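Undergrad: Chains V and C, in that order, are what the protein sequence lines are.
With the working numbering as the guide, the letters of the first sequence map in order to residues 49 to 227.
With the working numbering as the guide, the letters of the second sequence map in order to residues 792 to 1026.
Because the hints were derived from the structure by calculation, they are not lab data.
No experiment lies behind these values; they were computed from the predicted model shown.
One or more of the hints may lead you astray.
[Stated by the list, open to error] Which stretches of chain V does chain C cover? Using the computed rule of at least three CB atoms under 8 Å from a CB of chain C, they are: (1) 60–74; (2) 82–96; (3) 112–119; (4) 124–131; (5) 178–192; (6) 213–220.
The beta carbon of each residue, even a glycine, is placed where N, CA and C say it ideally should be.
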Amino acid sequence: MDAAADLTPLLSAVAGGDRIALRAIYERQSTRLFGVANAILRDRDAAADALQDAFLRIAHRAHQFDASRGAPEAWLAAIVRYAALDMARARGREIPSDDPALGDQPVEPEALERVSADAEGRRLRNCLATLEERNRRGIVLAFVHGLSHAQIAAKMELPLGTVKAWIRRGLLRLRECLT
Amino acid sequence: MIPASLTPEEREALAAEYVLGTLEAREAQAVAAALDSDAALAEAVAEWEARLAPLIALAPPEAPPPGLWDRIAAALDPTPTRAPAPAKRPWWAGLRDPWRMGAIGGTALAAGLAAFILLRPEPEPRLMTVLLSERDQPAWLVEADGGGLRLASVNPRPAPEGRALQLWALPQGATAPTSLGLIPAEGRINVAPTTIRPSPGMLIEITVEPPGGSPIGRPTGPILFIGRLSPAAGT
């Protein structure tokens, strides 16, 4: 099944106000998207609130989706991430970050195998593998788990300024590598 | 506001950290607000989204709580989207306002009340609804209980003089409601599982009937309260 081919016409229908199409998107994507929100919030109630916010945003912004600029899955997930990040910020990011399953293991290049195996996924994986482990880990903790600079610094037992600089440097090297 | 004094490198870093999620609330809001009018910034953000998108796969998929879609639908649209649709003229036709008030208000309120009412942990989300008065005050709590249904008055209020209050349930897809019995003066009633098995989306309503109940097995009087069973949030 080609999910992208499936979701794109559904998003156009949602842009025209079609609630059944929105529900079809929910049914196809809610497990994946709830996982995205819960990875950031680590609280199912908060993640449900974030997913609700996200679906309201999806309903109102579906007309902005442009299939020539990216996959519908990525567009949907970006909206969910921003909704979850807004909620994490509103809660002062007072979200447990001492979960032992949460990034205490180094993010080895092999651990990134779950990153999608398509061409973009492979390129990102290869580029992440060229970064120092601490940069790679900081980027994953922030992007996937919504940790702030301060939380990452606490987790890695490093000064805040150092972490900020490393992450920024890691991002710029990633961009060079992907260009 | 994004400061105009930022160098191109700083703007690029701002876009990257916005997408990464590490900006503070004020900075993130400023970037989000600027995206509509600042095409270059929007472009930089879109590029970073595309670069990092494959990482989304690292979040383990997890099923959302049941009932979340109903909450989304209710938040999107203040009119009911899943009203049962029998072929014939429904018996509750003409009673749209109480229906809407009870079904939607009740669902939203149920989410809030559930935290206070449900003290015992339940392995499954408990089905419940709160029936509201015409002033949107909680009037009755209806909960699935022990396979059956339990109704309790929150704000006791007697039946109109010389009349009775009768409780009804309409499972989704059914065309006729089932009588759950007359509501006694003390405002509590337990309905055995043999009479009704609570199911998500089931409509619950209270009508005014002659003493002894409706003579025809269907509601004859006005609906005073109505709500729809849904899984309680947070369980």
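Undergrad: Hints first: check each against the structure and report whether it holds.
TA: We went through each hint and held it up to the structure:
Note: the segment 60–74 of chain V has 4 residues with beta-carbon separation from chain C under 8 Å; the three-residue rule is met and the coverage holds. Beta-carbon proximity to chain C at under 8 Å applies to 10 residues in the segment 82–96 of chain V; the threshold of 3 is reached and the given coverage holds. For a cut-off of 8 Å, the count of residues in the segment 112–119 of chain V with a CB near a CB of chain C stands at 3, and the three-residue condition holds. With 4 residues carrying a beta carbon less than 8 Å from a beta carbon of chain C, the segment 124–131 of chain V meets the three-residue requirement, and the given coverage holds.
Evaluation of the coverage hint for the segment 178–192 of chain V: fulfilled, as 5 residues show C-beta separations to chain C shorter than 8 Å, against a requirement of three. Residue count for the segment 213–220 of chain V with a Cβ under 8 Å from a Cβ of chain C: 4. That meets the three needed, and the coverage hint holds.
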